[in-house]
Amino acid sequence: MLSISNLSYYAGTKKIFDHASLNIGSRDAVGLVGLNGSGKTTLLRIIAGECTPDEGVVTRSNDSTIGYLNQDMLSLKSEKPIVEVVMEAFDDIVNIEHRIAALSEKISRDYDKRILNEISALQDKYELNEGYRIHSKAQEILQGVGFRNEDHTRPMNEFSGGWRMRVVLAKLLLEQPNLLMLDEPTNHLDLPAIQWLENYLKSYKGALIIVSHDQLFLNNIINITVEVASLKLNTYQGNYSFFMEQKELRTELQQNAYTNQQKMIKDTRRFINRFRAKSSKARQVQSRIKSLEKIDLIEEVSNADKLVSFRFKTRVKPGRHILQLKNITKNFDSLRIFHETGMSVEKGDKIALIGANGEGKSTLLRILANTEEYSGYRKTGHNVTIAFYAQHQLESLNLGNDLITELADTGSQRTDIELRTLLGCFLFSGDEIYKKIKVLSGGEKARIALAKVILSDANFLLLDEPTNHLDYYSIGILKNALVQYDGTYVLVSHDRQFIEDVCNKIWYIRDYQVKEYPGKLSEYLASGLKNPVPALSPKSTLPKKPHVKRMPIKRNDQKEYQKKERALKKTIGEIDQVLEQLEVSKKNIETDLGKTENYADQVKLAELITKLNEVNREIELKQKAWMETFNELEKFSSGNF
673 MLSISNLSYY AGTKKIFDHA SLNIGSRDAV GLVGLNGSGK TTLLRIIAGE CTPDEGVVTR
733 SNDSTIGYLN QDMLSLKSEK PIVEVVMEAF DDIVNIEHRI AALSEKISRD YDKRILNEIS
793 ALQDKYELNE GYRIHSKAQE ILQGVGFRNE DHTRPMNEFS GGWRMRVVLA KLLLEQPNLL
853 MLDEPTNHLD LPAIQWLENY LKSYKGALII VSHDQLFLNN IINITVEVAS LKLNTYQGNY
913 SFFMEQKELR TELQQNAYTN QQKMIKDTRR FINRFRAKSS KARQVQSRIK SLEKIDLIEE
973 VSNADKLVSF RFKTRVKPGR HILQLKNITK NFDSLRIFHE TGMSVEKGDK IALIGANGEG
1033 KSTLLRILAN TEEYSGYRKT GHNVTIAFYA QHQLESLNLG NDLITELADT GSQRTDIELR
1093 TLLGCFLFSG DEIYKKIKVL SGGEKARIAL AKVILSDANF LLLDEPTNHL DYYSIGILKN
1153 ALVQYDGTYV LVSHDRQFIE DVCNKIWYIR DYQVKEYPGK LSEYLASGLK NPVPALSPKS
1213 TLPKKPHVKR MPIKRNDQKE YQKKERALKK TIGEIDQVLE QLEVSKKNIE TDLGKTENYA
1273 DQVKLAELIT KLNEVNREIE LKQKAWMETF NELEKFSSGN F
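Mapping of the sequence shown onto our numbering: residues 673 to 1313, in sequence order.
Hint data in this document are derived by calculation from the structure and do not stem from the laboratory.
Among the clues, some could well be false.
What the hints assert, rightly or not - Lysine-lysine pairs mimicking DSBU-like chemistry, simulated, CA-CA at most 30 Å apart: (1) 989 <-> 1107; (2) 877 <-> 1258; (3) 1276 <-> 1259; (4) 1258 <-> 809; (5) 1236 <-> 1296; (6) 938 <-> 953; (7) 1051 <-> 998; (8) 1258 <-> 1235; (9) 966 <-> 985; (10) 1022 <-> 1187; (11) 1258 <-> 1187; (12) 809 <-> 1296; (13) 687 <-> 919; (14) 1296 <-> 919; (15) 797 <-> 1258; (16) 1107 <-> 985; (17) 953 <-> 985; (18) 687 <-> 797.
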């Protein structure tokens, strides 16, 4: 599939690769990891043909097709509806559709056997490529990456950069290149979309190269890890966890070998210096001098491989109750976000707020920070000091300051060495600490804003996507700091492993209410309470019914309770039966669409497509009704009625 041999590449005067090599097979799923700036994106650009190596050879198989999702695509614009943009993946099949339609119209006016033969050949090709399924495939992929049905006809330009990236991702998945390269695909996805993409890529039939700092995402997809480090491409035959274990072992062996070699060199030089003047030792001295000249020096383990520890501090100790919200209602014009919901934060809570984009996660963080208007009651506890990290806070940075001055101005009383260490943790080293804020990229500004939160000494942190713009090294530092932090925090993140490692409670939003699960993310996901993840096939999979511990019910309410429960269960059963019938109807329509005789009859073809769309809409409505009834039964069974 792909072979890279003795690759060398310079970015200006900076060497990125030095005689690096890599081989990727046709079904390999590769995770590309390394520190920010090590050359991961550069390697993808070289493979895609966007950059030319200074030395070395990149060989691709003759039949290879490459799909490349990169961060530059955030700026892509189009006036077309997004469904038309993703349908460009099927241009060849759509052209066949148009050709069949044109020839069918022509032969209806003037019969010609040659035209009939051409139509027949085109129909065979159309069927071979499952042309009758391309529209449902496009809708399925768009739903999978998070778009609602009503969004499909909206122009691409109406969406933000992150959502435009999802459109491009959907198109790439439909194209199904035999080498798919994804540069940070989860950065602009919410948790349900990440889970959907993960499931999709597990069964991808081509080769994958994925750059991601999401450890769990990589673990569940890749079978090979390639680390970009020290100008080389180091291959590990396993997933991300295997790589980390082997890297730690390799690092330990290398450091031990370096230490032993340095001791040997020191002892040898001591012998040479001690006996250089003695003629009786001349032969031994010369032998050892020559041995030192021939020795292959072992490199010391880079400081970048040693995890730096940096702790959050708290200036004052708060009381038991950190913050309480009651009867919170929030609307954006006619769009309802929260309705008379409440929650409380207690000292020591480490809370992850999860859910799909648009549910109100960032809005809730702003309400907790008291920077968003709302109706309801909010009370902060005794001695609570809040620090809030979010993208909009980048505006509060002093553009005229250099990096170390910006941190020093926080008044944290940290030493110059501590500030330099913190900047190093967030990927600023050497003379970079004297760069002006105004010349930083958006990601670099985000890292400085996060560093300022660490220096705030607050005892209650609100963190909105804190791991964005960090590499795995910096994420590890932040993770260690949060684990050791004796304060309280609420954070929003789509990195499941990060949440699992640093949080002990889960908040999720359902029916305009904030719900709490008192446990780890893995326990929450296993409980069945999670929102359903879109299925890989057009047939959706409904969530399993959770085991619910019922609350005690008074005797005189027992009959009413049983009657209501039976009614809800009956409704779910009836909807299940309707869904089964709709799925059968859908399958029958798709079978009819695949029949050759229906292509020549344009009226029949249009009628079948209309029926398929109607069935799809009906399935969606019934699934929504199923979920609403299921949620009502869940609340009722738990005693919340």
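Exercise. Holds or violated: residue 797 with residue 1258, Cα cutoff 30 Å?
Worked result: Satisfied, since the Cα-Cα distance of roughly 23 Å is no more than 30 Å.
Exercise. Do the alpha carbons of residue 1107 and residue 985 lie within 30 Å of each other, as the hint requires?
Worked result: 26 Å, holds
Problem set entry | Holds or violated: residue 877 to residue 1258, with C-alpha atoms at most 30 Å apart | 26 Å, holds
Problem set entry | residue 809 paired with residue 1296 [C-alpha distance capped at 30 Å] | Answer holds: residue 809 to residue 1296 is near 20 Å, not above 30 Å.
For this session: For the pair we were handed, residue 1258 and residue 1235, check the Cα-Cα distance against 30 Å.
Result: 35 Å, violated
Exercise. Are the Cα positions of residue 938 and residue 953 separated by 30 Å at most?
Worked result: 18 Å, holds
For this session: Below or equal to 30 Å on CA atoms is what counts here, so check residue 989 against residue 1107.
Result: 36 Å, violated
Exercise. CA of residue 687 to CA of residue 797, is that 30 Å or under?
Worked result: Distance ~49 Å between residue 687 and residue 797 Cα, so the pair is violated.
Exercise. If you draw a straight line from the CA of residue 1276 to the CA of residue 1259, is it 30 Å or shorter?
Worked result: 17 Å, holds
For this session: Assess, step by step, whether the Cα of residue 1236 is no farther than 30 Å from the Cα of residue 1296, and give holds or violated.
Result: Holds, because 20 Å separates the two Cα atoms, which is no more than 30 Å.
Exercise. Is the Cα-Cα distance between residue 953 and residue 985 30 Å or less?
Worked result: Status violated; Cα separation ~60 Å.
For this session: For the pair we were handed, residue 966 and residue 985, check the Cα-Cα distance against 30 Å.
Result: Between residue 966 and residue 985 the Cα gap is close to 51 Å, so the pair fails against 30 Å, i.e. violated.
Of the numbered hints given earlier, the model fails hints 1, 8, 9, 11, 14, 17, 18; all others are met.
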